[in-house]
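Residue numbers (the working numbering), protein chains in the order written: chain A, 1 to 550; chain B, 1 to 358.
If you are wondering where the hints come from, they were derived from the structure by calculation, not from laboratory data. One or more of the hints may lead you astray.
Taking CB as the label site, the calculated pair distances span [to be verified]:
#1 B/R234 <-> A/L216: 22 to 32 Å
#2 A/N20 <-> B/R48: 31 to 41 Å
#3 B/A239 <-> A/Y318: 26 to 36 Å
Note that this is a predicted model, so its numbers are computed, not measured. Positions of the beta carbon are idealized from the N, C-alpha and C atoms, including for glycine.
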Amino acid sequence: MTTATFIPAARRVKELNFLNHDYSIHSWLMTKDHKRIAILYMVSITFFFIIGGVAAMLIRLELISPTNWLVASETYNKLFTMHGVIMVWFFLIPSIPAVLGNFLMPLMLGARDVAFPKLNMASWYLYVIGGVFTLVALLWGGVDTGWTFYTPLSSTFSNTHVVMVVVGVFIVGFSTIFTGLNFIVTTHSMRCPGMTWFRMPLFVWGIYATSVIQVLATPVLAMTLALVAIERIWRVGIFDPALGGDPLLFQHLFWFYSHPAVYIMILPGMAVESELITCFSRKEPFGYIFIAFSSVAIAILGFLVWAHHMFVAGISVYSGLVFSMLSMIVAVPSAIKVFNWTATLYKGSISLQTPMLYALGFIGLFTMGGLTGVMLATLGLDVHVHDTYFVIAHFHYIMVGGMVMTYMGGLHFWWPKITGRMYNEWWGKMSALTIFLGFNLTFFPQFILGYLGMPRRYPAYPPEFQFYNVLSSAGASILAVGYILPLVYLLLSLRYGKKAGKNPYRATGLEWTTTSPPPEHNFHSIPVITHEPYAYHLELREPPEEQPSD
Amino acid sequence: MSGIPFVPSEGSTFAPKVDALFLFELTVAAFFTFLIFTCIVYFCIRYRRRSEDEIPPKMPSHYGLEITWTIVPFLLMLVMYFWGASLYVDMKRPGENGLEIHVIAKQWMWKIEHPEGVREINELHVPVGIPVRLILASQDVIHDFFVPAFRMKQDLIPGSYVTEWFQATQVGTFRLFCAQYCGMGHSTMVGKVVVLSPHDYQAWVAGAGPAEPPAAAGKKLFTTYGCVQCHGQRAPTLAGLYGSKVALQDGRMVIADEQYLRMAITDPSSQIVAGYPAIMPSFKGQLSEEQLYELIQFIKSLTPVRNTPYGNISQPPAAPLGAPSTQPAPGDQPQAVPNFPPAERPDSPPSQQQGPQS
Chain A
1 MTTATFIPAA RRVKELNFLN HDYSIHSWLM TKDHKRIAIL YMVSITFFFI IGGVAAMLIR
61 LELISPTNWL VASETYNKLF TMHGVIMVWF FLIPSIPAVL GNFLMPLMLG ARDVAFPKLN
121 MASWYLYVIG GVFTLVALLW GGVDTGWTFY TPLSSTFSNT HVVMVVVGVF IVGFSTIFTG
181 LNFIVTTHSM RCPGMTWFRM PLFVWGIYAT SVIQVLATPV LAMTLALVAI ERIWRVGIFD
241 PALGGDPLLF QHLFWFYSHP AVYIMILPGM AVESELITCF SRKEPFGYIF IAFSSVAIAI
301 LGFLVWAHHM FVAGISVYSG LVFSMLSMIV AVPSAIKVFN WTATLYKGSI SLQTPMLYAL
361 GFIGLFTMGG LTGVMLATLG LDVHVHDTYF VIAHFHYIMV GGMVMTYMGG LHFWWPKITG
421 RMYNEWWGKM SALTIFLGFN LTFFPQFILG YLGMPRRYPA YPPEFQFYNV LSSAGASILA
481 VGYILPLVYL LLSLRYGKKA GKNPYRATGL EWTTTSPPPE HNFHSIPVIT HEPYAYHLEL
541 REPPEEQPSD
Chain B
1 MSGIPFVPSE GSTFAPKVDA LFLFELTVAA FFTFLIFTCI VYFCIRYRRR SEDEIPPKMP
61 SHYGLEITWT IVPFLLMLVM YFWGASLYVD MKRPGENGLE IHVIAKQWMW KIEHPEGVRE
121 INELHVPVGI PVRLILASQD VIHDFFVPAF RMKQDLIPGS YVTEWFQATQ VGTFRLFCAQ
181 YCGMGHSTMV GKVVVLSPHD YQAWVAGAGP AEPPAAAGKK LFTTYGCVQC HGQRAPTLAG
241 LYGSKVALQD GRMVIADEQY LRMAITDPSS QIVAGYPAIM PSFKGQLSEE QLYELIQFIK
301 SLTPVRNTPY GNISQPPAAP LGAPSTQPAP GDQPQAVPNF PPAERPDSPP SQQQGPQS
């Protein structure tokens, strides 16, 4: 009876966690806590997602009619450029690694923080500075080169603020490099006792592979963009043939970064996927080793496929033959993952909660995105569909259908851990379904448009393409609703959501063993790992924790 | 759903081949998508969580399955690879006895010159059933010559020649797009390809009025720019050069194609012929894209037809030196081509075709 009287007394004292131990602005802006930095990133990328999303909505509105009914071509070109630049570098690349990765990597490894907390803070500041440059360029008149900055259009012919945006992307690139470096060292040196490499959650494997790409590929982007700026400012002939440069050199350098960047954008999605599928089917992943090593294989092979963006750019036939083959090979580890996730469901105990709906949606959309990617890697077929809406549809299936779906799934999954509150389950399911339907209605018609031959980056188009464009725009409006809903109910859950407790989904993983939200130093005592991850058959035998009443 | 297209019309020899490959890959993709969807839906129903404390059985890894779903997709992809690769190689190997047409792209228009010297803007008239080899050049940024009905697309790189070819199989009018983003007017850089019967094409060329073939114009340039003073004496002779193998000073052996000749004129020091001093000045910036092409056509006309690397290419004979030019200067502004005419007309009778524009 003595303990029974003791516990209510203890509850009256505020339990300190990383959110409530200090409320000052200074404590947020000067924080070295990986969890707070994750939240800073979450707020900033949401801000940029909204800007990029508004640009996308204006693009879709313009494309309802075959004429320039809403915006002039000049404005349209700036809109799709900003949409691309912001979504790629200020939303997709930092999304899962910088938000969920920052929050979870130390927790999953049983560490108190990342290896270099100050560098982690510096990464966020670089991100913000890069973002300011890009936003100023946007307000000042924008840039019209497309996010790919192809030369000599960008280095000589464009009259817009190319240098300013290039500087913004250059700076944000270093934010990516620092984050990647931090995670690599953290994974190598901060694992808790007993956490061997093959006891790491698959999320850690995925983020680790991503970090390696970030550190190796991003410097190439920085150099390439610096060269564009040098040619533009000082007229040094690097890419412009009129100055003695080679325009294809730019494409080689740009895609040498930007193709691995596609894997920077999708590997973290795969990492989250493995966590969601296992938790909501209560099973260890089918083929843990195969999923882990396919991440590594994708990271390595991803560096060897860049010229598949250039099959019609004027490269030699032999280059085309080699890069097509390598691009086909990189599809194999992706296929392995899809089959393994699906097989994980077999004989599981499947619960279709909100994060699981996103996870299952991801498998479907990623499968379609991947298979159309194989079509694009096929030489004879790529000649026809290259630079058409087929490509647009394909990479949105990977980046939005893949990455954004899993980011949303992961955000919902770890929301109770991050905030200590549950979101509204009914609204969660509704928005997941809305996003899935809206997404398919937006992007599936674009496959047909592309095969019909509609080129990308056209504000005005022949009338026979209108039907599919209207369908796509209608889908985009549904998709927009799907993205606004979580913004509302997740924020409301901070005040009205019911308290989550340590482990609301009865998931395995170290992050679920500490309180929600976690204390400032993550664990009161450093955990010790004694068995493989995802041991649902062992951990579920223990009785569920008492859910706090609220 | 009439009026809403699903597949573009098939207007070239490539089109049915590309469509067949697409159909194959679409079938494979549909099969796997259906397989995955079915498994997910079935598992979600069959293995739904029935009680909060349910503990599913532990499943060991199954190496047989893992190997199966590694090998099967890989083998399927090998089929796709070789199928696609052979098609790509065909697309890069021009058909014989073809017609050579010069295309210059600039922001934001297409300028086209036929072998007889007839010029047109944003429209390309070609005969049906004859291979057409396009020699593409860009005056400013990268553009892309894309005709969906022909399933063919090629970037134009400023400062160099690239080629693409096709053989139309259907008389009609087809859309031409610039597929590589090229700045503000990108979406206005569109036009049409008018495919005529060979007879109508001849009539169309004849009806375009007298024109000077590019090789003839090139012959005059050859004199004007003083090329004749060296070539044949202190410099390598140009007769029989086109299509031949050239030994360079740095040990490379190259084939003298259009790109080689272009570089020899605009950047001579980059490829010095073995045994000759590097004394040729660069003509970069002195010759327009059109003049450069005319000079190269003249040099090509000095080669017996059987030696060209692309088989027999119909070469109109060069006009005698000093023949008066009757070709009016082409307007540099695009004609008022309606931005997007109603729709493609693959079956329109040839009698409806318009004449040339210049």
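Okay, the hints, checked on the actual structure:
1. For the hinted restraint 22 to 32 Å between B/R234 and A/L216, the CB-CB distance of approximately 52 Å leaves it violated.
2. Checking the proposed 31 to 41 Å range against A/N20 and B/R48 shows it holds: the Cβ atoms sit about 38 Å from each other.
3. Our hint of 26 to 36 Å for B/A239 and A/Y318 holds, since their Cβ atoms are close to 32 Å apart.
The earlier numbered hint that this structure contradicts is number 1, and it is the only one.
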